[in-house]
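Visitor: With chain W fixed as given, assemble chain Y onto it according to the hints.
Line by line, the protein sequences are chains W and Y. Under the UniProt record's numbering, the residue at position 225 of the first sequence is numbered 225, and the numbers go up by one with no gaps. Under the UniProt record's numbering, the residue at position 113 of the second sequence is numbered 113, and the numbers go up by one with no gaps.
Keep in mind that the hints were calculated from the coordinates and are not lab data. Owing to the predicted nature of the structure, the values given are computational and were not obtained by experimental measurement. Hints should not be assumed to be uniformly reliable.
[As the list claims (entries may be wrong)] Cβ pair distances, simulated, as ranges:
no., chain 1, residue 1, chain 2, residue 2, range
1, W, Leu203, Y, Val17, 49 to 57 angstroms
2, Y, Gln103, W, Gly242, 23 to 31 angstroms
3, W, Gly138, Y, Asp2, 43 to 51 angstroms
4, W, Lys187, Y, Arg6, 49 to 57 angstroms
Ideal Cβ positions, reconstructed from N, Cα and C, are used throughout, including at glycine.
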Amino acid sequence: MSAPEVFNLGQTPITSHAFNADRSRVAVSLNSNDVTIFDRQRNDWTPTETLSEHDKLITSIDWAPNSNRIVTSAQDRNAYVWQQTPDPQTGHMIWKPTLVLLRINRAATFVKWSPNEDKFAVASGARAIAICSFDPEGDWWVSRLLKKPIRSTILSVDWHPNNVLLAAGGADMKARVFSAYIKDVDKRPVPTVWGEKLPFNTLCGDYTSPSGGWVHSVGFSPSGDVLAFAAHDSSITVVYPGSQAIYHIRMTTLPLVTLTWTSEEAIVAAGHDCQPFVFSGNEGGWQLIGTLDDANANKASGRSGFGGPASPVGRLQSSAFNTFRNADSRGSSNSNATESELFTVHQNTITNIRPYDGVPGAVSRISSSGVDGKLVVWDVSAVSPISVGGLAGKVGGMSLR
Amino acid sequence: MDVSFRKIDIDQYEEDVLLDNELYEADPRDPTQVLNDTKQKGAAVHSSLSKGDIQGALELVLSDAPYGPNVEEAKNLNLQTLVTILNSTKATEIPGVVKSLSQDSQDTLMKYLYKGMGLPGWGDVSGSVLLGWHEKLTEVAGTGCIVRAMTDRRVV
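Bound-form chain W, shown alone (with noise of 0.2 angstroms):
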């Protein structure tokens, strides 16, 4: 048990982050048309290069860790595969970009490396996912777009382990699980439980949540037999396609928007309620086991404040609520005590989560990235539970200082 390191990388929200192989770096975008790149130093990161190219925000980042290269999706429905080459002129390692022929209309809003990293997926709100493969004649990325059943934007997708099966989430309300093959770079699949036969396209599973909403993110689990999805309904679903098992975990708090599998058994997510929240359970079941955020530690490292008894209203009780409360109740507009602190490590809905340490199957570390500017590296097995009618009272216990 070890407590989260905590990195203020700025005061913008973090669009997106990725770390390189060997965790030394990490590529962000703060809200904005560029990438950023943090080079470690002991115990804090300085920014060390900035990419630029896209004309529009940057709505995802991923970074492939044995070829080394970074892919970016924006606004502007472009993506770029950057590439660490000599500049010419000078000898120093630069990054290049290289553009990707998406053939998209609408902004590109997710995108992620296969996990041989000869392929990459890019979401859009053009209702298609773009597979995206190198062609060594032309020089470069070309399309192949996953369209139908596609309703509406993509949010997120995930591939499974290998290499073939794509799952996404998106507007319309599903998870849909599809075929991505491509004929030059994949060889034939052998059989898993989604189905044999896997030409493009093919729609290998089509789930929903219990009461429907956009799904924010969706993962496979480590051996790619297992789908969860997270849905705007505060619900996370997991199934099993192979015993047609379908679990729900109805939330009592806001809604999840990011998840990750640490094994085959173990999920952890987070979102609006701003803390990683533990899942754990197998093909007889799922629950809810605990939090990564110990609000008791939190508030022995010296964070203002008072506990106080659990209100269960969550984030009811807010700090535009207590003002208001405040200036109803005790006459009291104090201006200068609107300022508040949640009792979570971040301080704003964490919008991604990625596993930092470990192998699939054997994540130990998380790291997690918000709208507050925080970027948190999370030790998995530190899991404290949630006693019955605290889950939401924690957030809920707001505090003015």
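Guide: What follows is chain Y alone, placed relative to chain W:
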């Protein structure tokens, strides 16, 4: 600020419009059957209420609640039935009743509370009744329940 642009139908020139009914599964029953079912439920609810079984009455009215287009009459009827239950429950009993409801029923109840609050003049429900139930339900089911009531396209 002029916000009239928000009312412009931007989909009118789009050939491939995403329709509401593609976003949720339609009720398999046809509208007349839904209305009949709702009427029958209403009668069953009244008999439960006369026995003082509030939780049973609530579970009944919240199961298979009418949703979707073309069932306005059934929707209103079900709301009326529900309001009878809400009004006849003592404030001290609410927490216990809410706790014992299934998650599905809790989510549906939240939808009806918001529907009630959305009616002009709040229908014939007093505001304090709806807000009282809303407070207790939120304490049990959390903000997640409110999010589900807002997210679900199967509008009651």
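Visitor: Using the Cβ atoms, figure out if Lys187 of chain W sits within 49 to 57 angstroms of Arg6 of chain Y.
Guide: holds (51 angstroms)
Visitor: I want to verify a distance hint. Is the separation of the beta carbons of Gly138 of chain W and Asp2 of chain Y within 43 to 51 angstroms?
Guide: holds (48 angstroms)
Visitor: Could one say that the CB atoms of Gln103 of chain Y and Gly242 of chain W fall in the range 23 to 31 angstroms?
Guide: Once the Cβ atoms are compared, 26 angstroms apart, the range 23 to 31 angstroms for Gly242 of chain W and Gln103 of chain Y holds.
Visitor: Is the distance from the Cβ of Leu203 of chain W to the Cβ of Val17 of chain Y consistent with 49 to 57 angstroms?
Guide: violated (22 angstroms)
The structure is inconsistent with hint 1 alone, although it conforms to all the rest.
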